[in-house]
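So the sequence lines, in the order shown, correspond to chains A and B.
Taking this note's numbering, the leading residue of the first sequence gets 1, the next gets one more, and so forth.
Taking this note's numbering, the leading residue of the second sequence gets 1001, the next gets one more, and so forth.
Just so you know, the hints here were simulated from the structure itself, not pulled from any lab data.
Because the structure is a prediction, the values reported are computed rather than measured.
All residues carry an ideal CB built from backbone N, CA and C; glycine is no exception.
Worth double-checking, as some hints may not be accurate.
[As the list claims (entries may be wrong)] A few chain A residues facing chain B, derived, Cβ under 10 Å:
id, residue
1, A10
2, L14
3, A16
4, F163
5, L196
6, A251
7, E262
8, G275
[What the hints assert, rightly or not] In the SDA-like style, the derived pairs of lysine to any residue whose C-alpha atoms are separated by at most 20 Å in a straight line are:
id, chain 1, residue 1, chain 2, residue 2
9, A, K363, B, F1089
10, A, K24, B, T1017
11, A, K363, A, V323
12, A, K24, B, T1057
13, A, K24, B, A1007
14, A, K24, B, T1061
15, A, K9, B, R1024
16, A, K24, B, M1012
17, A, K284, B, A1023
18, A, K9, B, A1023
19, A, K284, B, F1089
20, A, K24, B, A1023
21, A, K284, B, R1024
22, A, K9, B, E1020
23, A, K24, B, G1062
24, A, K284, B, E1020
25, A, K24, B, H1019
[As the list claims (entries may be wrong)] Residues from chain A that face chain B, not an exhaustive set, calculated with beta carbons under 7 Å:
id, residue
26, M43
27, V270
28, P424
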Amino acid sequence: MSWLPTLVKACYFLAALLFILGLKRMSSPRTARDGIVWAGVGMLLAVLATFALPDLHHRGLILAAVLIGVAAAWWSGRRVAMTAMPQMVALYNGMGGGAAAGIGAVELVAHVRRALPAVPDTSPLRPEAWALDALHQVPAVAPLSAVALLLGVLGALIGAVSFSGSLVAFAKLQGWMDRRFVFPGQRIVNLLVLLLALVHGAMLATGHLELPVIVAFFVLSLLFGLLMTLPIGGADMPVVISLYNAFTGLAVAFEGYVLGNEAMIIAGMVVGAAGTLLTQLMAKAMNRSLGNVLFGSFGAAAGGAAREISGAQKPIEAADAAVMMAYAERVAIVPGYGMAVAQAQHKVWEFAKLLIERGVKVKFAIHPVAGRMPGHMNVLLAEAGVPYDLIEDMDDINPEFPNTDVVLVIGANDVVNPVAKTDPSSPIYGMPILDVAAAKHVIVVKRGKGTGFAGIENALFYADNTRMLYGDGQAAAGQLVSELKSLDG
Amino acid sequence: MLDGFLALYIFMLAAFTGHEIIARVPVILHTPLMSGSNFVHGIVLVGAMIALGHATTPFETGLGFLAVLLGAGNAAGGYVVTERMLEMFKPSAGKPGDKA
């Protein structure tokens, strides 16, 4: 059966190829759908091939764990709402990080067992069970090399941080944990925990493989992931999830080296690099540096000096708003997360379709960070059936606003706030925004007079060409639809 | 075990590949792509299977079992979620007439 390991290796090679081609296809809207299928085939191939490995024990146990894990994730992934996608990605990513850390733990513990062959021993590192094993078990694998040990420890650290950090991110976005946890000296405590984790990691990597050290190392790593994520606010979570996604990729690549598995190295490294770049792109779109996200606390530092906004908000009735848009030539709709929370995207699209029937040119304008993640709003609009060629990115639509008759802002706030351009004391100063104030008329659908996700007053609402349509997004969109229909009799 | 420098080359080339794939991606695909890459590192499942398959003590077996469970969740969950998102990306079939 000497051809079998070769066949398995060939399958891993194919899997790595399919992952890369799949990701490549996922980076264009036309081919994205096939992309995930290609990658899926690769995954299936790799998993089936692994079952065929000749020296694999516990096959029943492996099959059981795979089936349970797949069933639970499949079930939860099928029924989750599109608005909850970001936290599900965080959850599944955390699982990957946990798995990588788990591999690291198994390898470290097994390394201890292999590295200390049948010494009649009294030391506490060799519990009775291990000694018994060693008697009638020839180690199938040689102890790890120094490089493998180092990478194994590093992968376990990164994986553990990604695991606990992602779970916190999940809990926050799910609304189970809606406050930032900040206490004096937090940074120093975090740094200390990280240092301690690194010291224990260094001890392991240099051969001080004792069970208590291993346990302390994992506890500290998990604790650091927890502490690192707790103070970060909900608005910054997407960047953090993306960062942990890259972390998990790296952890997988490192553990892949330990196991001598090229598919893991390649897939993990590709994701590690892609995830790092994606994280930077997201942070840039939000006008935040990564360091700022991780170590700054949003709003707290920059408060106080923000300029007062004078003037009053001017209300408008749904009927008037509908007429304004019905007789406009160009209308731009700016949806925000508020629309998605109110589940108003279907009504909004119905309204847009009615406008299009009347010959109005309708575009949807999406800010890069609309929703909870870059691109999240596109997913939500796609769910409602909005074709993606009606959706414009910020850079494409900003020059068009001066020629736009009416902009309908629904559920968006900070991403259309002009103070980002005018008020250097504002915490969102410098963030690129949708320049809707340049349009002839702006209609803002808003529940009440509160501030946005970042807690900043919005100058747009007080502008001369802005009218406020108060109400729940879903109800307001419904009213607009019925008013528009009644126009036609 | 993989030769050290050979592995280093693999690490380097794979990192460039990942960078190149993402470099020109439109913003509308950021979320699905993040989810897609999340699925791809679900390959950790294979490693977890190998780790469990070589475990000998009950402690190792327990840890390995947990790792496989989590890895399988990563792979399956990542796939379902990504597939659901990408399924919805449809063009308006070119003509504005059939949008009504």
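Holds or violated: K284 (chain A) with R1024 (chain B), Cα cutoff 20 Å? holds (15 Å)
Given hint A1023 (chain B) paired with K9 (chain A) - CA-CA distance at most 20 Å: Given that 20 Å is the threshold and the Cα spacing comes to 30 Å, the pair is violated.
Has the given pair, K24 (chain A) with G1062 (chain B), been kept, meaning a C-alpha gap of at most 20 Å? violated (37 Å)
With a cut-off of 10 Å on the beta carbons, see whether L196 (chain A) makes it to chain B. Hint violated; L196 (chain A) Cβ to chain B Cβ min 22 Å, cut 10 Å.
Could you check if F163 (chain A) really has its C-beta closer than 10 Å to a C-beta on chain B? holds (8 Å)
Restraint: M43 (chain A) near chain B, CB-CB cut 7 Å. Satisfied or not? Constraint on M43 (chain A) satisfied, holds at 6 Å.
K24 (chain A) and T1057 (chain B) were given as a pair; does the straight-line alpha-carbon distance stay at or below 20 Å? violated (42 Å)
For a C-alpha distance cap of 20 Å, please report whether K24 (chain A) and A1007 (chain B) respect it. Violated, because 23 Å separates the two Cα atoms, which is more than 20 Å.
With a cut-off of 10 Å, does the beta carbon of A16 (chain A) approach a beta carbon of chain B closely enough for the hint to hold? holds (8 Å)
Cut-off 7 Å, beta-carbon criterion: hint that P424 (chain A) touches chain B: P424 (chain A) check fails; min Cβ-Cβ to chain B is 26 Å, beyond 7 Å.
Straight-line Cα separation of K9 (chain A) and E1020 (chain B) no greater than 20 Å? Measuring from Cα to Cα gives roughly 26 Å; hence the hint is violated.
Taking the least C-beta to C-beta distance, is G275 (chain A) closer than 10 Å to chain B? Holds, about 6 Å.
Comparing the model with each earlier hint shows violations of hints 1, 2, 5, 12, 13, 14, 15, 18, 19, 22, 23 and 28; every other hint is respected.
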